[in-house]
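Chain by chain, the residues:
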Amino acid sequence: MDLDDFVKNFAEQFNETDPSLITPETKFKELEEWSSLISLSLIAMADEKYNVKLKGDDIKKAVYVKDLFEIIKDKK
Amino acid sequence: MAFVTINAVRIAGMSAFVPSKIESNYELNIIEPEERIKYVTSVGIENRRVSPAELTSADLCFHAAKSLIRSLAWNEKDIDCLIFVSQTPDYILPSTSCILQSRLGLSTECFAIDISLGCSGWVYGMFVISSLMASARFKKALLLAGDTISKVVSPYDRSTKPLFGDAGTATAISYDDSSDGFIFHTAVDGSGKDAIIVPGGMFRHPFSESLLEYHEFEDGNKRNELNLVLNGMDVFSFAISEVPKSIRALLDYASMRLDDIDFFILHQANKMINETVRNKLKIPKDKMLYSLKDYGNTSSASIPLTIVAQDLDLYKSKILKCVASGFGVGLSWASIYFTLKDTVLLPIGVI
Numbered sequence: 000m001d002l003d004d005f006v007k008n009f010a011e012q013f014n015e016t017d018p019s020l021i022t023p024e025t026k027f028k029e030l031e032e033w034s035s036l037i038s039l040s041l042i043a044m045a046d047e048k049y050n051v052k053l054k055g056d057d058i059k060k061a062v063y064v065k066d067l068f069e070i071i072k073d074k075k
Numbered sequence: 000m001a002f003v004t005i006n007a008v009r010i011a012g013m014s015a016f017v018p019s020k021i022e023s024n025y026e027l028n029i030i031e032p033e034e035r036i037k038y039v040t041s042v043g044i045e046n047r048r049v050s051p052a053e054l055t056s057a058d059l060c061f062h063a064a065k066s067l068i069r070s071l072a073w074n075e076k077d078i079d080c081l082i083f084v085s086q087t088p089d090y091i092l093p094s095t096s097c098i099l100q101s102r103l104g105l106s107t108e109c110f111a112i113d114i115s116l117g118c119s120g121w122v123y124g125m126f127v128i129s130s131l132m133a134s135a136r137f138k139k140a141l142l143l144a145g146d147t148i149s150k151v152v153s154p155y156d157r158s159t160k161p162l163f164g165d166a167g168t169a170t171a172i173s174y175d176d177s178s179d180g181f182i183f184h185t186a187v188d189g190s191g192k193d194a195i196i197v198p199g200g201m202f203r204h205p206f207s208e209s210l211l212e213y214h215e216f217e218d219g220n221k222r223n224e225l226n227l228v229l230n231g232m233d234v235f236s237f238a239i240s241e242v243p244k245s246i247r248a249l250l251d252y253a254s255m256r257l258d259d260i261d262f263f264i265l266h267q268a269n270k271m272i273n274e275t276v277r278n279k280l281k282i283p284k285d286k287m288l289y290s291l292k293d294y295g296n297t298s299s300a301s302i303p304l305t306i307v308a309q310d311l312d313l314y315k316s317k318i319l320k321c322v323a324s325g326f327g328v329g330l331s332w333a334s335i336y337f338t339l340k341d342t343v344l345l346p347i348g349v350i
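Chains as they are written, first to last, in numbering that gives the first Met the number 0: chain A, 0 to 75; chain B, 0 to 350.
Rather than coming from a laboratory, the hints here were simulated on the basis of the structure.
Wrong hints could be hidden among the right ones.
[Claimed, not checked] Simulated crosslink set (EDC-like; lysine to aspartate or glutamate; CA at most 20 Å straight-line): (1) A:K59 - B:E215; (2) A:K59 - B:E274; (3) B:K270 - B:D293; (4) B:K270 - B:E34; (5) A:K7 - A:E32; (6) A:K52 - A:E32; (7) A:K75 - B:E241; (8) A:K52 - B:E274; (9) A:K52 - B:D193.
Model, not experiment: these values are computed from the prediction.
Bound conformation, chain A alone (with noise of 0.2 Å):
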């Protein structure tokens, strides 16, 4: 599991936030863009590109960008 792939793909869920804003380092529920639609989208990237199931609580304790990475990478 590649992180700039993955981070590329946690951009994609966003529609109207710049890309270039979107890194490791992000912490992202302080982006303008996010809100509930955007976990839920970002549930559907997990299952598709990871075969991983997010939980809500995996989510709520993730605060950077990075930390989403880790959880996925671990639950693989």
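We have chain A already, so just place chain B on it with the hints.
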């Protein structure tokens, strides 16, 4: 995995009733006005039907059953079995099916039970009723599936209030040795019980006045202990992973391909879940039936409601091969293969 084939049964007819009161998500004050269009587009629900206090799931099902019995020209006394599927019964006890036997004028020799399931309930009900028909040699049976979830959602909870509508349905099943019957897959995972739950009011947390107090949660939603709690993210994660697996497994077991199926009817959870499932299975858009836009998530009623909400007259003389899948509260999920042929599908009634 639990797979079962039940032969020599067919769906003779289906009907649904909804309350007359319409609530629009475009006018819902708990969603910010500038977010409403985006919200409605994402969840796919514009309007929901909401019951007044005096109208119960049983009442909606009663009217659906009454009109279906009349249209089929069935004699009430010939109905061998009545199953009521709901999470919103009339009483803690007695069973609502007992009350409906009397209200509908069915024979005292009729077999009547309740099944306490929601989103997966219609498929489970079909499994139980057709299994009973095969083993007890019943000839005519009624499956009544309905819910008034609007009564247990908090008016201050954006995670539930915009999603749920009320409806009651009736499905008539009859013995028919020329029919190819029904095929089922069922599954359950109670470790996910907290994902969809009404925590208080029964025997684990019996009613007391303190349960009526509203609490504000970190997401800003307010609920009391008698309100429905929905962990949307966990349900989403569960549904997009398990539902495609269940449908694929059912088709494999039945030695059928996706292309063989005319229509897919998913429990109407929300558009994001249902479209993700559709995309994963690569089901063409025109094969997937919806009623979400006008009725929302109607729990156990959603699959039969979605079928009668369509204009299927076009296909009247054709055999329609259908796969339906119910999933949610429990967590419980199940898929069914069945056909519609000369099935009486009544237009949705309003009360």
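To test your reading of the hints: which numbers does this structure violate? Hints 2, 6 are the ones this structure does not satisfy, whereas the remaining hints hold.
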